[in-house]
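Asker: Residue numbers (this note's numbering), protein chains in the order written: chain S, 242 to 557; chain R, 69 to 358.
Any given hint could turn out to be false.
As the list claims (entries may be wrong) - Just the calculated beta-carbon pair ranges, DEER-fashion:
| id | chain 1 | residue 1 | chain 2 | residue 2 | range |
| --- | --- | --- | --- | --- | --- |
| 1 | R | Arg151 | S | Ala245 | 45 to 53 Å |
| 2 | S | Ser431 | R | Phe73 | 25 to 33 Å |
| 3 | S | Pro420 | R | Tyr113 | 50 to 58 Å |
| 4 | R | Asp242 | S | Lys419 | 52 to 60 Å |
None of these hints come from the bench; they were simulated from the model.
Glycine included, each C-beta is placed from N, C-alpha and C at the ideal position.
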Amino acid sequence: MYLAFYELHEEPFRLTPDPRFLHLAEPHRGALTLLVQGVMLRKGFVMMTGPVGTGKTTLLHAALQILHEKSFSKVKLASAFLINPTLSRDEFLEALLQEFEIPCPSASKAQRLAALHQMLLETQRRGGTAVLLIDEAHLLSAELLEEIRLLSNADTYREKLLQIVLSGQPELAALVAKPELHALKQRIASRCVLRALSFPETRAYIAERLHAAGLRGASPFPAPTLEAIYRYTQGVPRLINLICEHCLEAGFTTERRLIGPDLVEDAAVALDLAGTAPVGPVKNTPNGQQPEARVPRSTVDILIEAMRQGRATAQE
Amino acid sequence: MSKFFDETRKAQDRSLDQAKAKSADIQRVLESVKASGPATEVANYRLESSRKVRLARTAEMPLISVNGDGPNPYTQAALESYRALRTRLLRQQTTSGLRSVVISSTLAGEGKTITTMNLALSCSQLHDMRVLLVDADLRTRGLTRLQKSAPGGPALSEVLAGQAKFEDAVMATDLPNLFMVAAGAAPASTPELFTGSRWKEFMGWCSESFNLILVDSPPIIALADFELISNACDGILVVVRARSTRREALRKAAGQIDTKKLVGVIFNGMEGSTSGYYYYYAAPSYQEAK
Chain S
242 MYLAFYELHE
252 EPFRLTPDPR
262 FLHLAEPHRG
272 ALTLLVQGVM
282 LRKGFVMMTG
292 PVGTGKTTLL
302 HAALQILHEK
312 SFSKVKLASA
322 FLINPTLSRD
332 EFLEALLQEF
342 EIPCPSASKA
352 QRLAALHQML
362 LETQRRGGTA
372 VLLIDEAHLL
382 SAELLEEIRL
392 LSNADTYREK
402 LLQIVLSGQP
412 ELAALVAKPE
422 LHALKQRIAS
432 RCVLRALSFP
442 ETRAYIAERL
452 HAAGLRGASP
462 FPAPTLEAIY
472 RYTQGVPRLI
482 NLICEHCLEA
492 GFTTERRLIG
502 PDLVEDAAVA
512 LDLAGTAPVG
522 PVKNTPNGQQ
532 PEARVPRSTV
542 DILIEAMRQG
552 RATAQE
Chain R
69 MSKFFDETRK
79 AQDRSLDQAK
89 AKSADIQRVL
99 ESVKASGPAT
109 EVANYRLESS
119 RKVRLARTAE
129 MPLISVNGDG
139 PNPYTQAALE
149 SYRALRTRLL
159 RQQTTSGLRS
169 VVISSTLAGE
179 GKTITTMNLA
189 LSCSQLHDMR
199 VLLVDADLRT
209 RGLTRLQKSA
219 PGGPALSEVL
229 AGQAKFEDAV
239 MATDLPNLFM
249 VAAGAAPAST
259 PELFTGSRWK
269 EFMGWCSESF
279 NLILVDSPPI
289 IALADFELIS
299 NACDGILVVV
309 RARSTRREAL
319 RKAAGQIDTK
329 KLVGVIFNGM
339 EGSTSGYYYY
349 YAAPSYQEAK
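Just chain S, same shape as in the assembly:
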């Protein structure tokens, strides 16, 4: 193990959903706040979308953990967590009852729904909250999405009895935008969008995790190495964790306290990330995809227009 070699207490790039060791990157904190807030304020539907590896599942775990531990100290939170939502309507209801631990001997749909509703009301009576989290929700069939919407009809007038969190890849947003799911779309009270980290955020994330793992001296990742990490991972947190972990191990076996960019390249090859990396040095521009879309016109035009408009208002 490399821990002693780098003077660390624990593995820095192993993620744990324990909120005390979460150390989320910047975009994730906002998303987590929205998730927890949405459930606690009983908004009904909350939707989270983000590309592969940006930390959706970790955030769901963290949100659930926070809700369980911190909220409603006396009252239990009733929660169901569906990680594989490719189910039929009946299977879905069955899975729901299982997750909420509702005993229901009958297989009739009416009976099952009544049992579920009873549990929701009971939870609410005790001042608790019932929450259903669905991961990989972009895999949900339109049929099942409709079923889920119908579940949310079990509302009081003031607030929702069942809080539903849908989490999935960006396709989920497109799915919900379909005309036949209009009724569902309207019910989504808050949306959070996760994105990959920018270069400065990647740096901050790595520094924060190393610090949390006990590092107090100089970082084993100097600036050129950090640039290489960003180049291969494009700021996707899961890949950052993978590649950094790989580098620390490689640095340990080759007895290099300071990890060079060459080790990053080795790691990228070993992890099969090399093919996806764009060549060339990291520009300090935030988040690759943004700038082109953001600056369609030439700077001169923008500057001059700003000046012209300013003149107009100044003369008024």
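Mind docking chain R on chain S? Use the hints.
Answerer: Here is chain R on its own, set in the frame of chain S:
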């Protein structure tokens, strides 16, 4: 009566009673989410023994006006404008993840230093925004001169020359979330200081420690410094002054800017009181580069 309807109605009545207790709960839970936020522990560790510096600002106003005016319609309007600018900048930050922004203008005297300072004051008022001001205008040292007392000790020029550690140059201001790096003694040739790798390394170190870094730089035209300084920053803001900035100068400046980094143009419009070279306050209206 429908069982469903009846029970739902009862549940609703109960929920009214529970509502009050819940808001305190929610507050407490959200605090715990904030506590698990990013870049707090690294920064706390690095900045725990920072020197203290006081800013020359009027008592309760999060705004610097050199005449030392108290609250009046002009300053109120300016405050609002800075808040609007802050909102736009933070929205950009949310979508693109930028951390360091260099603020400049075509020529001297267009208001970049005051804008930088007031924008930083405005941002640092927000909950958990740790803001760093860097005075990279080693010739004019405008930001540095806005300190009430110069505490001495290492500053940016010492950092760049490799004579000081990064954390030793950072000073804590009298505002809780606002930190500052002074310009330091001006050496004979400033561009050379920014050519080396120290500047880039320093900005990298800063982006690990702060949520937002605002860099006050020399004017864009006629000096080599700006390009070198902006190379290590994520974004560029250009201050344009009403009836003062010349079109030719803008065109020339535009050629020297990396358009991918241009975050926006701040338009310094209404003239309040003007006195001296750098020092006036004005209400900026903001033109986003879209």
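Asker: Now look at each hint and say whether the structure bears it out.
Answerer: Structure-based check of all given hints:
no. : hint                             : verdict
1   : R:Arg151 to S:Ala245: 45 to 53 Å : 50 Å, holds
2   : S:Ser431 to R:Phe73: 25 to 33 Å  : 28 Å, holds
3   : S:Pro420 to R:Tyr113: 50 to 58 Å : 53 Å, holds
4   : R:Asp242 to S:Lys419: 52 to 60 Å : 55 Å, holds
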